[in-house]
Amino acid sequence: MIEEGFFCLPDIPDSCPFTISRLLTPSGEASASWLIREHDQYGEYPHIYAKVCTSPRRQEDDDGCPEKPAAHKVIVLSDTGCATETLNTKLQRCDADGLNEIYSTPPGEPRRWNLRTFLEYTINPGGQTPYVVITTHCHYDHILGIGKLMKPTPPARARCFSPKTRHMSHEQLSRVTTPTVLTSSHDKSFVTPYANLQRHSLSSSVGLYAPRYAITWAEDLSEVQWHFSDTSKDSDSVAPVSSISTSISISSRITVLHTPGHTPDSMSWYDADLALVCVGDSFYVKETDETRKAPWGPEPPMPTMFDVESDLADLWRSMQRLLHFARARNEELERERECEPEPERNVIERLSDHGMLLRQPNAKREQAWPWRSAPCQSQTGFDYPHPPSDGQGRLPKALFLHARNTTTEHDVDDDDWILVDLVVQGTSSRSASSPPPRVRLAAAHTTVTLDAEAAILSFREFIARILRDEVPKQRAKEGYRGEERWFFDFALQEGGEPEHDIQNGNLRYVHSYSVLAPLQVIELGRRKIPREAWMKLEV
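Take the sequence shown: its letter number 371 is residue 371 in UniProt numbering, and every next letter is one higher.
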C-alpha cells in the first residue's frame, strides 16, 4: 500500500489502462485532486481530473457527547475519457496436460478495469461517494466514460433512489449511481437533442454511439456546490439516522467559464485550491514529461485539433477572457503571498512548470500489457479514423461494454446543484519583490501545469502566426467528413527556435504547440478576427 495522505492507494497493476497522480497546491502540499490518464485504443490519451470534496460534520450521541467526525463527500470529475475497458486476469497455471492456460483475477482487484472500477480501486473505495462530471466539451474522447460510471441498481433497493435526493439521508445518497453531468449552457442546441450530441461528439468517426445522460446546465462564471439534507427517521434508510434534519453543502471551489471556440459547448474551469485553470481541448502543448514517460511507452506528439464546428474568432475571445481571468487570479495570489511566512514562500519559488504534479511512486512500471494495446498512431491527422462502410455508428467490440446504457429513471435532480454567481476581483499593481505563486494551466490532453498566462499568450501568438502565414504547414489527410485539413508546426522547418522567442518569457511555449485544422476554419478566422488584432500583438 502507498501512503498518499488523504488516501492509502494500492499499487496499480500492469493490467490497468489508467494511471493516477496527485496534484499539489501552490504551496507544494498534497491536495485532494488527482490527474488520471487513460491508455485508450484510439490514441487519444485523455486527461481525467478528480477532486474529492468533503464537508466535515459532527454527530452527537444520546448523551450529547461528540462522536468521531463524519464527512459527506462528492467526487468532481473533469471529463471521463474514452470508456476503455479491459479484462484484469493473470496466468496462474496450466492444466495437467499443459495445454490449457488458467487465468484468474488477483485478490482485491476488479475483474474488469474501467473508469468506475479504477476509481473504486483508488479514491472511491466501495463506490460509496457520488460523482459529478464537468464536461469540458462533448467530443467522444471526453464523454464516453460517463456510461462506465453507471452502476446497476438492485431492484430491491430501487425505492431508495428517488430523484428528490435533497430529501434523502447521506446513506441513501451514497447509493445514487447516476452521476450528475454539468454541460455549458452557452449553446444548448449543440448537444441537444440526442441526435445533435451524436453528430457533434464525433462518435460516428470511430464507429460508436455517444452515451445518453441527463444534463445539468452550467452557467458562465458560476461556482458549483453540492447540496443535500439528512432527514429524520426515513423508512428507506439502511441504518437509523438522527431525528434532526441537517442541511449539508459541499463547496467544490471550482468555477466554470464558458470558453467556446474548439466547440460551441467548450467550458473551462478554475480550481481555487490549486490555482489551476483547465482549458479542456481549447489548446495544449504537443508533449510533456507525462507523455514522454508514460508507462505504456512514449506517446506521439499531439496537435491542438479543430473540427468543422470550431470557430477561431470565438476561441480568440475565449483566450482574451482566460488571459484576463488568469491575470486577476495572479494578482490575488500575489496579495496573499505578502501575508505568508518566509518558509512557505521558498517552497512556492521552487515549483517548476511541472512542479505541481506529485507522481505516483510506482509509476515507472514495466511496459508489459496483457491486453491488446492501442496502435502507436501519429496524432497529426494523417491516420484519422474513418466510420464503418455502412455509415452507421456501432458499439465497440471485444472487451468494451455498451456505452449507450447510461440513463436510468433515478437521475439526480438538478436542484442538488447550486450555481453561485462569482464576482471577479479587480486587478492591482504587482509587487517587484520575489516571485509570487502563479496560476497554472492544465488541459484535457498532454498538459498538466504550465504557467497559465505564458501558455495563453504563447498559443494566441501561435494562432496569430498561422493567420499571418508564418508557421510551416503541411496538408494532412482529409477529415472523416471530407474536409480539407492542414497541419501547422514549427518543427516542420529546420533551424530551431528563434532567439527572440527564447528570450521572451511570455512566449516561451510558442514553439511547443502545433495545430491540425480544416482549411475553412483558418480562412474564416482570418475574416472574422479583426486584422489589426492578429497582425501585431501586444504581449
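Since the hints were derived computationally from the structure, they do not count as laboratory data.
Check the hints yourself; a few may be wrong.
Said to hold, decoys possible - Derived SDA-like pairs: lysine to any residue, alpha-carbon spacing no greater than 25 Å straight-line:
hint: 1; residue 1: Lys477; residue 2: Arg531
hint: 2; residue 1: Lys73; residue 2: Pro125
hint: 3; residue 1: Lys528; residue 2: Leu323
hint: 4; residue 1: Lys477; residue 2: Val521
hint: 5; residue 1: Lys477; residue 2: Glu29
hint: 6; residue 1: Lys536; residue 2: Ile215
hint: 7; residue 1: Lys73; residue 2: Gln128
hint: 8; residue 1: Lys536; residue 2: Lys293
hint: 9; residue 1: Lys188; residue 2: Gln198
hint: 10; residue 1: Lys293; residue 2: Arg465
hint: 11; residue 1: Lys293; residue 2: Val308
hint: 12; residue 1: Lys473; residue 2: Arg531
hint: 13; residue 1: Lys293; residue 2: Lys477
hint: 14; residue 1: Lys73; residue 2: Ser251
hint: 15; residue 1: Lys73; residue 2: Glu29
hint: 16; residue 1: Lys73; residue 2: Trp217
hint: 17; residue 1: Lys293; residue 2: Ser21
hint: 18; residue 1: Lys528; residue 2: Pro435
hint: 19; residue 1: Lys477; residue 2: Val308
To be verified - Pair ranges (Cβ atoms, derived):
hint: 20; residue 1: Asp11; residue 2: Asp289; range: 18 to 28 Å
hint: 21; residue 1: Lys473; residue 2: Pro300; range: 32 to 42 Å
hint: 22; residue 1: Glu523; residue 2: Asp14; range: 45 to 55 Å
hint: 23; residue 1: Pro125; residue 2: Gln493; range: 50 to 60 Å
All C-beta atoms, glycine included, are put in the ideal place defined by N, C-alpha and C.
Hints, one by one, checked against the model:
| no. | hint | verdict |
| --- | --- | --- |
| 1 | Lys477 / Arg531 | violated (29 Å) |
| 2 | Lys73 / Pro125 | holds (12 Å) |
| 3 | Lys528 / Leu323 | holds (20 Å) |
| 4 | Lys477 / Val521 | holds (16 Å) |
| 5 | Lys477 / Glu29 | violated (45 Å) |
| 6 | Lys536 / Ile215 | violated (41 Å) |
| 7 | Lys73 / Gln128 | holds (9 Å) |
| 8 | Lys536 / Lys293 | violated (38 Å) |
| 9 | Lys188 / Gln198 | holds (14 Å) |
| 10 | Lys293 / Arg465 | violated (30 Å) |
| 11 | Lys293 / Val308 | violated (33 Å) |
| 12 | Lys473 / Arg531 | holds (21 Å) |
| 13 | Lys293 / Lys477 | violated (28 Å) |
| 14 | Lys73 / Ser251 | holds (10 Å) |
| 15 | Lys73 / Glu29 | holds (21 Å) |
| 16 | Lys73 / Trp217 | holds (22 Å) |
| 17 | Lys293 / Ser21 | holds (13 Å) |
| 18 | Lys528 / Pro435 | violated (38 Å) |
| 19 | Lys477 / Val308 | holds (14 Å) |
| 20 | Asp11 / Asp289: 18 to 28 Å | holds (22 Å) |
| 21 | Lys473 / Pro300: 32 to 42 Å | violated (19 Å) |
| 22 | Glu523 / Asp14: 45 to 55 Å | holds (47 Å) |
| 23 | Pro125 / Gln493: 50 to 60 Å | holds (52 Å) |
Of the numbered hints given earlier, the model fails hints 1, 5, 6, 8, 10, 11, 13, 18 and 21; all others are met.
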